[in-house]
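Novice: One letter stands for each residue in the lines below.
Protein chains: 2
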Amino acid sequence: MQSTAYERLVAHLKRAHYLGTVAGLLGWDEQVNLPPDSADQRAEQLALLAELQHAAAADPAIGELLRELDSVAAVDQAVVVREARRDYERVVKLPASFVAEKARHASAAYHAWAAAKQADDFSAFAPFLQKHLDLARQEAAFLGWGDRPYDYAIDKHDPGLTAAKLTALFDELKAGLVPLVRSIAASPARPPAGVLQKFPVEAQRDFLREVTEKLGFNYRRGRIDVSLHPFCEGAGADIRMTTRFDADNPLDSLFSSIHETGHGLYEQGLPLAAQGTPLGQNAGMGVHESQSRLWENQVSRSRAFWRFFEPRFREKFPAQLAGVSSDELYLAVNEVAPTLIRVDSDEVHYNLHILLRFEVERRLFAGELAVAELPATWNALSQELLGLTPTSDRTGVLQDVHWSGGAFGYFPSYCLGNMIAAQLWFTVRSQYPELDSDFAAGDFSRLLGWLRTQIHEQGRRYEALELVRRVTGEELTPKYLLRYLHERYAPLYLG
Amino acid sequence: MQSTAYERLVAHLKRAHYLGTVAGLLGWDEQVNLPPDSADQRAEQLALLAELQHAAAADPAIGELLRELDSVAAVDQAVVVREARRDYERVVKLPASFVAEKARHASAAYHAWAAAKQADDFSAFAPFLQKHLDLARQEAAFLGWGDRPYDYAIDKHDPGLTAAKLTALFDELKAGLVPLVRSIAASPARPPAGVLQKFPVEAQRDFLREVTEKLGFNYRRGRIDVSLHPFCEGAGADIRMTTRFDADNPLDSLFSSIHETGHGLYEQGLPLAAQGTPLGQNAGMGVHESQSRLWENQVSRSRAFWRFFEPRFREKFPAQLAGVSSDELYLAVNEVAPTLIRVDSDEVHYNLHILLRFEVERRLFAGELAVAELPATWNALSQELLGLTPTSDRTGVLQDVHWSGGAFGYFPSYCLGNMIAAQLWFTVRSQYPELDSDFAAGDFSRLLGWLRTQIHEQGRRYEALELVRRVTGEELTPKYLLRYLHERYAPLYLG
Numbered sequence: 127m128q129s130t131a132y133e134r135l136v137a138h139l140k141r142a143h144y145l146g147t148v149a150g151l152l153g154w155d156e157q158v159n160l161p162p163d164s165a166d167q168r169a170e171q172l173a174l175l176a177e178l179q180h181a182a183a184a185d186p187a188i189g190e191l192l193r194e195l196d197s198v199a200a201v202d203q204a205v206v207v208r209e210a211r212r213d214y215e216r217v218v219k220l221p222a223s224f225v226a227e228k229a230r231h232a233s234a235a236y237h238a239w240a241a242a243k244q245a246d247d248f249s250a251f252a253p254f255l256q257k258h259l260d261l262a263r264q265e266a267a268f269l270g271w272g273d274r275p276y277d278y279a280i281d282k283h284d285p286g287l288t289a290a291k292l293t294a295l296f297d298e299l300k301a302g303l304v305p306l307v308r309s310i311a312a313s314p315a316r317p318p319a320g321v322l323q324k325f326p327v328e329a330q331r332d333f334l335r336e337v338t339e340k341l342g343f344n345y346r347r348g349r350i351d352v353s354l355h356p357f358c359e360g361a362g363a364d365i366r367m368t369t370r371f372d373a374d375n376p377l378d379s380l381f382s383s384i385h386e387t388g389h390g391l392y393e394q395g396l397p398l399a400a401q402g403t404p405l406g407q408n409a410g411m412g413v414h415e416s417q418s419r420l421w422e423n424q425v426s427r428s429r430a431f432w433r434f435f436e437p438r439f440r441e442k443f444p445a446q447l448a449g450v451s452s453d454e455l456y457l458a459v460n461e462v463a464p465t466l467i468r469v470d471s472d473e474v475h476y477n478l479h480i481l482l483r484f485e486v487e488r489r490l491f492a493g494e495l496a497v498a499e500l501p502a503t504w505n506a507l508s509q510e511l512l513g514l515t516p517t518s519d520r521t522g523v524l525q526d527v528h529w530s531g532g533a534f535g536y537f538p539s540y541c542l543g544n545m546i547a548a549q550l551w552f553t554v555r556s557q558y559p560e561l562d563s564d565f566a567a568g569d570f571s572r573l574l575g576w577l578r579t580q581i582h583e584q585g586r587r588y589e590a591l592e593l594v595r596r597v598t599g600e601e602l603t604p605k606y607l608l609r610y611l612h613e614r615y616a617p618l619y620l621g
Numbered sequence: 127m128q129s130t131a132y133e134r135l136v137a138h139l140k141r142a143h144y145l146g147t148v149a150g151l152l153g154w155d156e157q158v159n160l161p162p163d164s165a166d167q168r169a170e171q172l173a174l175l176a177e178l179q180h181a182a183a184a185d186p187a188i189g190e191l192l193r194e195l196d197s198v199a200a201v202d203q204a205v206v207v208r209e210a211r212r213d214y215e216r217v218v219k220l221p222a223s224f225v226a227e228k229a230r231h232a233s234a235a236y237h238a239w240a241a242a243k244q245a246d247d248f249s250a251f252a253p254f255l256q257k258h259l260d261l262a263r264q265e266a267a268f269l270g271w272g273d274r275p276y277d278y279a280i281d282k283h284d285p286g287l288t289a290a291k292l293t294a295l296f297d298e299l300k301a302g303l304v305p306l307v308r309s310i311a312a313s314p315a316r317p318p319a320g321v322l323q324k325f326p327v328e329a330q331r332d333f334l335r336e337v338t339e340k341l342g343f344n345y346r347r348g349r350i351d352v353s354l355h356p357f358c359e360g361a362g363a364d365i366r367m368t369t370r371f372d373a374d375n376p377l378d379s380l381f382s383s384i385h386e387t388g389h390g391l392y393e394q395g396l397p398l399a400a401q402g403t404p405l406g407q408n409a410g411m412g413v414h415e416s417q418s419r420l421w422e423n424q425v426s427r428s429r430a431f432w433r434f435f436e437p438r439f440r441e442k443f444p445a446q447l448a449g450v451s452s453d454e455l456y457l458a459v460n461e462v463a464p465t466l467i468r469v470d471s472d473e474v475h476y477n478l479h480i481l482l483r484f485e486v487e488r489r490l491f492a493g494e495l496a497v498a499e500l501p502a503t504w505n506a507l508s509q510e511l512l513g514l515t516p517t518s519d520r521t522g523v524l525q526d527v528h529w530s531g532g533a534f535g536y537f538p539s540y541c542l543g544n545m546i547a548a549q550l551w552f553t554v555r556s557q558y559p560e561l562d563s564d565f566a567a568g569d570f571s572r573l574l575g576w577l578r579t580q581i582h583e584q585g586r587r588y589e590a591l592e593l594v595r596r597v598t599g600e601e602l603t604p605k606y607l608l609r610y611l612h613e614r615y616a617p618l619y620l621g
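So the sequence lines, in the order shown, correspond to chains A and B. Each number in this note's numbering corresponds to the 1-based position in the first sequence with 126 added. Each number in this note's numbering corresponds to the 1-based position in the second sequence with 126 added.
Honestly, I wouldn't trust all of these hints.
Identical chains share a label here; the pair holds if one copy fits it or two copies do between them.
Only pairs whose alpha carbons sit at most 20 Å apart, straight line, appear in this in silico DMTMM-like list of lysine to aspartate or glutamate [stated by the list, open to error]:
no., residue 1, residue 2
1, Lys340, Asp378
2, Lys324, Glu454
3, Lys140, Glu170
4, Lys140, Glu177
5, Lys219, Asp260
Bear in mind the hints are in silico, worked out from the structure with no lab data behind them.
Next comes chain A alone, as it looks inside the complex (with noise of 0.2 Å):
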């Protein structure tokens, strides 16, 4: 049987694809399973698989498929020729000495960054730093961006959006969001510090099974291991997840639990049948985000999730919870309390964090700001969003792990994805008055379905600003995001 043009090309897309998803398991391997000197290997087994991923990437059979499929009928196939061809004009365009020599800065850049993070000094780390953003701008060179790099960076990360865009965003946001963090910190009102103690890991692990089943992940297809720092990995029928345990702090195990999950369901929600294709694909980091976030601030922060899931959880932990009221665990679960460290901050924080390094990322790209300067810049902007002042290159510009990946434009798509979530659980709310009481009898089924066929079973059909579009039928905007916030924290500290 001879196989169309179209068939031939998924299948080139699906064999990039495979090595892909090798590649992710060995770095997933890595973080949850790599003896502590067996790095070295690794790096030699991913250098391999990108180059050959590389390679089969910009097959120039896929080059020719495409000039052949030109004008393809079906509307799916022609979505998928349309990203294929996407993908296919910017790998081509990078020289595989080009992917090899950043993959190999990359690994130097990342063991610089720890050891700098370790030491406390930046100045240790600069140079890998400069030497990425000089990566960064040949990339963008390269790709026929030259004259605008970071919007290179940022639109690798999410299609459609620029720097012009997001600034506009941002600044909205920013105007709305310090006005309210200026409110909360003046509030008297805290959850009482050092309740949540003592929880037996294996009780938590059991909880966020129970409360991650709930949601809907499916883990026949997919598991949660731990690892240093909490990730999602994976696609298709293998989803892996990962958390972390702290006996004194539940509630960070169990949030960054449900937040990976809503990666997990994205991932699970993509078409199976499309995997390797760019209709089994996701829309960019930032609608990725919005469902992480969706899940874990809008969903699990609510009164209807702790109405279904407090008596659970102090039966779990009757000892534990014996002193803690129900409105004491609820406002533990709501806490707003700025903090230097990104990945500790609230909801309510977390977007100033991201303004912050959205403004440093511009203004280097933009050569408004030296590396060397990077620190105090930092330093300063910390200030002026957070009110606080770093006490060290650790706890300040160190703090990050992206930056050493080469990882620029990726911060954002966080703050984007809050934003996405926002205004899909307004729409979503809308359609579906009957959420809260779904939520608090422990069904999640509704709100699953609805973002299945809304968001997941779309793959990378729409850029994330036309996806919103469709879904909220409306633009972008930071109202809904201020407008969630207000609504789920002003009750409880500017009541």
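The hints should help you fit chain B onto chain A, whose structure is shown.
Specialist: Quick look at chain B alone, frame taken from chain A:
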């Protein structure tokens, strides 16, 4: 800097090697971590890796470099070139389509075997086994061994061995073994049944970690996890062992783990700098098995070993061992009793299980036995050799996984390993009479050091039979295995 032809050859070999290590890790993960409904996806990943590995190993550039390196002066380089040529000449003779077909069939046959075993129905597996036999004959023909397909299957696992050589060794072994087994069967001495009960898994885990570390396994370059069947996988700086736990059978877990540790010590002892080249590879399955058996049996079932570890074992499990005397414990460690199941067998009967499989494989390849006749032949041989007739296919012909993967010629390696282990054991003990006092003091470094120098660091320099001749000063013979079994078991059972 211009790289030499030799350096370019090594770079090519390493590519194929690292692709093999990636496939190995995915195989490990499949047995340790894979979610239940992710198997199809894993099969896709493994098929792609097999194809890429074959392409890397059959790269015509290797052939050109090998021609260029026809006369290499340096001894080590000559070994690499010789063995690389042997590998290359095999791999290029196998068409990629055949490799893919065999891999696909192995995956289908594995699932068919698992279902047939579950259903206790050999006939459901028979056509898959027949196809594997056909493929094995085809493979031998591709390689130019069309007239000796079983010799090819044996040579694949143990270069230099043939069915005729094995028959001679195994006949002599059988002649000595059967009377020993009959005497032990007639002996009234028996370990007290069911005395080792309720050993908590966590404490078992701690104890086996202590034991395997003492033996010399480097956990900075390896780990141990749980899987249905214990195995050891990995290469270079990342060796993964697995075990399984049964609260009422702590010795099963302990000795399985020590067995895998023997494999792991061998892999960890191969020269890391030569990884990916034949000098960094093991000398075949028989030698590999000699290492696992030597640590599992000769070392860890000895009085001296238990002199050191018994107090530690009792410290971990004071209540469970309170009513068990030292002699009873030592008898339990060295229990001899026939069983239908190879993997549950003691080391005396174990070799009879292998002789059975060797005989069956030999007849199948010789055309003396049809697949449909296999259960009846198996059962008759089982009665003849073990004195037991299987009550079902599940406990008979379907018990082992090997044939479902088309791994013919593999079983003999186990028995070969037992013979090599015993011969090495008498050699090292004649050189170091103080080994027993080492062990009684918990020091295994002298033995490991000797194995490192004599066996591990040799890589694939010598074929198994030549390696044995060089290290022991004698041709391989079963007499040392027979002598060892007599010395260990006669005092216990024929006292």
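Novice: Can you give me the call for Lys340 and Asp378, within, between, both or neither, at a CA distance of at most 20 Å?
Specialist: This pair counts as within: shortest intra-copy Cα distance 19 Å, inter-copy 38 Å.
Novice: At most 20 Å between CA atoms: does that hold for Lys324 and Glu454 within a copy, between copies, both, or neither?
Specialist: within (17 Å within a copy, 43 Å between copies)
Novice: My question is about Lys140 and Glu177: at a cut-off of 20 Å on alpha-carbon distance, are they close within one copy, between copies, both, or neither?
Specialist: both (16 Å within a copy, 14 Å between copies)
Novice: One pair to classify: Lys140 and Glu170, alpha carbons no more than 20 Å apart. Within, between, both, or neither?
Specialist: between (23 Å within a copy, 10 Å between copies)
Novice: For Lys219 and Asp260, with the copy left unspecified, which applies at a CA distance of at most 20 Å: within, between, both, or neither?
Specialist: Within one copy only: 17 Å inside a chain, 47 Å across chains, cut-off 20 Å.
Every hint from the earlier list agrees with this structure, and none is contradicted.
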